[in-house]
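With these hints in hand, go ahead and build the complete structure from the sequences.
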Amino acid sequence: MNKMEKALHELSEMDDLAAQDSPIHALHPLAKLLATVAYIVTVVSFDKYDLSGLIIFLLFPILLFQLSGIPVRTCFYKLRIVLPLVMAVGLFNPFFDRAPLLTIGNVAVSGGVVSMFTLMLKGILCLMAAFLLMATTGIDKLCAALRMLHLPSMLVTLLLLTYRYVGVMTEELAVMTDAYHLRAPGQKGIHISAWGSFLGQLLLRSMDRAEELYSSMQLRGYHGHFHYVAIAKARLRDVLYVVGCTAVFILLRMVPVAQLLGNQVVR
Amino acid sequence: MIELKHVSFAYEKDAPVLQDISFRVEDGETVGLIGANGAGKSTVMKLLLGLLSGEGDILVDGTRVEKATLGEIRKKLGFVLQNSDNQMFMPTVYEDMIFGPLNYMLSREEAEARADAALEQLGVSELKHRHNHKLSGGEKRMAAIATILAMEPAAILMDEPTAALDPCNRRVVINTINSLPQTKLITSHDLDMILDTCERVILLSGGKVVADGPAQEILRDQALLEANRMELPFCIAGERRG
Numbered sequence: 001m002n003k004m005e006k007a008l009h010e011l012s013e014m015d016d017l018a019a020q021d022s023p024i025h026a027l028h029p030l031a032k033l034l035a036t037v038a039y040i041v042t043v044v045s046f047d048k049y050d051l052s053g054l055i056i057f058l059l060f061p062i063l064l065f066q067l068s069g070i071p072v073r074t075c076f077y078k079l080r081i082v083l084p085l086v087m088a089v090g091l092f093n094p095f096f097d098r099a100p101l102l103t104i105g106n107v108a109v110s111g112g113v114v115s116m117f118t119l120m121l122k123g124i125l126c127l128m129a130a131f132l133l134m135a136t137t138g139i140d141k142l143c144a145a146l147r148m149l150h151l152p153s154m155l156v157t158l159l160l161l162t163y164r165y166v167g168v169m170t171e172e173l174a175v176m177t178d179a180y181h182l183r184a185p186g187q188k189g190i191h192i193s194a195w196g197s198f199l200g201q202l203l204l205r206s207m208d209r210a211e212e213l214y215s216s217m218q219l220r221g222y223h224g225h226f227h228y229v230a231i232a233k234a235r236l237r238d239v240l241y242v243v244g245c246t247a248v249f250i251l252l253r254m255v256p257v258a259q260l261l262g263n264q265v266v267r
Numbered sequence: 268m269i270e271l272k273h274v275s276f277a278y279e280k281d282a283p284v285l286q287d288i289s290f291r292v293e294d295g296e297t298v299g300l301i302g303a304n305g306a307g308k309s310t311v312m313k314l315l316l317g318l319l320s321g322e323g324d325i326l327v328d329g330t331r332v333e334k335a336t337l338g339e340i341r342k343k344l345g346f347v348l349q350n351s352d353n354q355m356f357m358p359t360v361y362e363d364m365i366f367g368p369l370n371y372m373l374s375r376e377e378a379e380a381r382a383d384a385a386l387e388q389l390g391v392s393e394l395k396h397r398h399n400h401k402l403s404g405g406e407k408r409m410a411a412i413a414t415i416l417a418m419e420p421a422a423i424l425m426d427e428p429t430a431a432l433d434p435c436n437r438r439v440v441i442n443t444i445n446s447l448p449q450t451k452l453i454t455s456h457d458l459d460m461i462l463d464t465c466e467r468v469i470l471l472s473g474g475k476v477v478a479d480g481p482a483q484e485i486l487r488d489q490a491l492l493e494a495n496r497m498e499l500p501f502c503i504a505g506e507r508r509g
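Top line first, the protein sequences correspond to chains E and U.
If you read the first sequence in the numbering used here, its first letter stands for residue 1, the second for the next number, and so on.
If you read the second sequence in the numbering used here, its first letter stands for residue 268, the second for the next number, and so on.
If you are wondering where the hints come from, they were derived from the structure by calculation, not from laboratory data.
Watch out, some of these pointers could steer you wrong.
The calculated lysine-lysine pairs, modelled on PhoX-like cross-linking and capped at a C-alpha distance of 25 Å, are [to be verified]: (1) U/K395 <-> E/K233; (2) U/K401 <-> E/K3; (3) U/K313 <-> U/K272; (4) U/K401 <-> E/K78; (5) E/K6 <-> U/K401.
Bear in mind that the values here come from a model prediction, so they are computed numbers and not experimental data.
Here it is as structure tokens:
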């Protein structure tokens with residue numbers, strides 16, 4: 001299996017995850033979307049030195065992993081390309097912020113180190129939450145939920161079509177890459193001199209495809225209004241899920257649980 | 268049902284693709300539109316669907332194809348594209364199938380009933396909730412045909428319906444085409460398939476209709492076919508070789 005085929009396989013695995021059956025999968029997509037947004041906003045709102053306050057927020061994804069039956073390793077495997085980037089965000093903080101913030105034993109820890117770990121943890125938590133949303137909802141229902149929030153139809157349609165055609169374009173790229181390697185034996189990757197024409201070709205093919213796709217939509221009566229998948233009405237449990245999650249997030253944001261627990265232990 | 272009267276079209280001024288072509292497809296007829304690459308087959312299809320506009324008159328069920336009538340025309344004509352990936356743009360087969368009916372103001376229940384009926388008619392109900400990007404080539408083609416059937420068109424236009432299919436899937440598609448009661452206009456280079464499905468053939472060459480008649484007659488005329496950059500269908504060539 002070459003790289004592109006692996007990517008395609010992984011993409012289709014996300015659909016398989018979304019098709020599973022669990023209490024989390026059964027929740028209304030809008031409920032899951034709102035709870036995830038509330039979670040991300042809360043996590044991001046923490047101060048850059050408030051590492052202890054964030055740790056308790058690990059419970060939410062852990063709970064969702066348990067309830068949805070999605071393996072944690074699948075999440076980290078799929079996020080393996082983005083995670084290092086997220087981790088790199090705070091990498092230079094220790095060099096700029098050297099003032100000691102706390103001491104562990106006899107070792108002084110600078111504010112930069114704490115803020116680096118805080119940023120990393122924030123990134124990981126947000127990515128896990130977004131992954132869980134996708135893996136338990138699926139793109140079609142997610143787009144329908146976004147439209148319920150009155151996000152512009154154009155944007156949501158673009159998101160839906162992009163997801164649909166990522167696989168097709170990846171296949172096309174795989175064919176082009178194979179064709180290149182067959183005529184460039186022994187070369188690793190694609191030589192920089194071919195990048196321009198390679199991307200140009202891909203762009204032209206995408207444009208041709210987009211044109212035909214649009215024709216196909218027009219021929220089936222498309223006039224700018226896209227019909228998304230039908231979603232059942234929200235039930236009480238969906239409302240409770242959103243309200244409950246948001247309330248807990250706010251509570252955990254206001255009350256320093258980790259600090260209180262720590263104080264109890266010290267006493 | 269479908270009528271072209273003195274239709275001409277050019278993408279560039281001095282290079283006409285179609286020159287004064289006229290033909291008529293009657294209700295319930297299955298007609299093969301054949302010709303070498305660049306003969307103008309796809310252009311005829313696009314003109315019929317109002318995706319291009321040229322000179323002359325194109326009538327579908329007596330209605331002239333023009334901007335004001337496009338909605339009505341496209342409701343009557345279903346078009347199966349050569350590349351099913353370009354036709355199936357929704358995440359799942361089912362959503363794709365109800366896309367057209369919903370656009371034509373049918374209720375979701377009615378659209379879903381049509382989708383179910385189309386899947387059942389083709390015997391591919393198992394594809395209903397499958398993701399489009401996970402279908403095989405043959406499944407995609409059947410799903411694309413089902414998508415068009417769900418719109419209940421009076422006529423179906425097909426562009427290379429058997430292209431890139433293995434022999435088994437090709438046979439399934441041919442049987443499906445033969446089972447459809449609608450008027451059909453099929454463009455293809457697969458002359459064996461045309462012979463299997465169409466009673467009449469129109470041969471285009473250099474933007475003109477050079478032959479129009481029974482498929483068995485035209486597709487057996489070696490001189491005519493070779494003069495227009497085509498060959499006898501394999502089954503007939505095989506017969507002649509003994």
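Structure-based check of all given hints:
no., hint, in the structure
1, U/K395 <-> E/K233, "23 Å, holds"
2, U/K401 <-> E/K3, "18 Å, holds"
3, U/K313 <-> U/K272, "15 Å, holds"
4, U/K401 <-> E/K78, "19 Å, holds"
5, E/K6 <-> U/K401, "14 Å, holds"
Violated hints for the displayed structure: none, as all numbered hints are satisfied.
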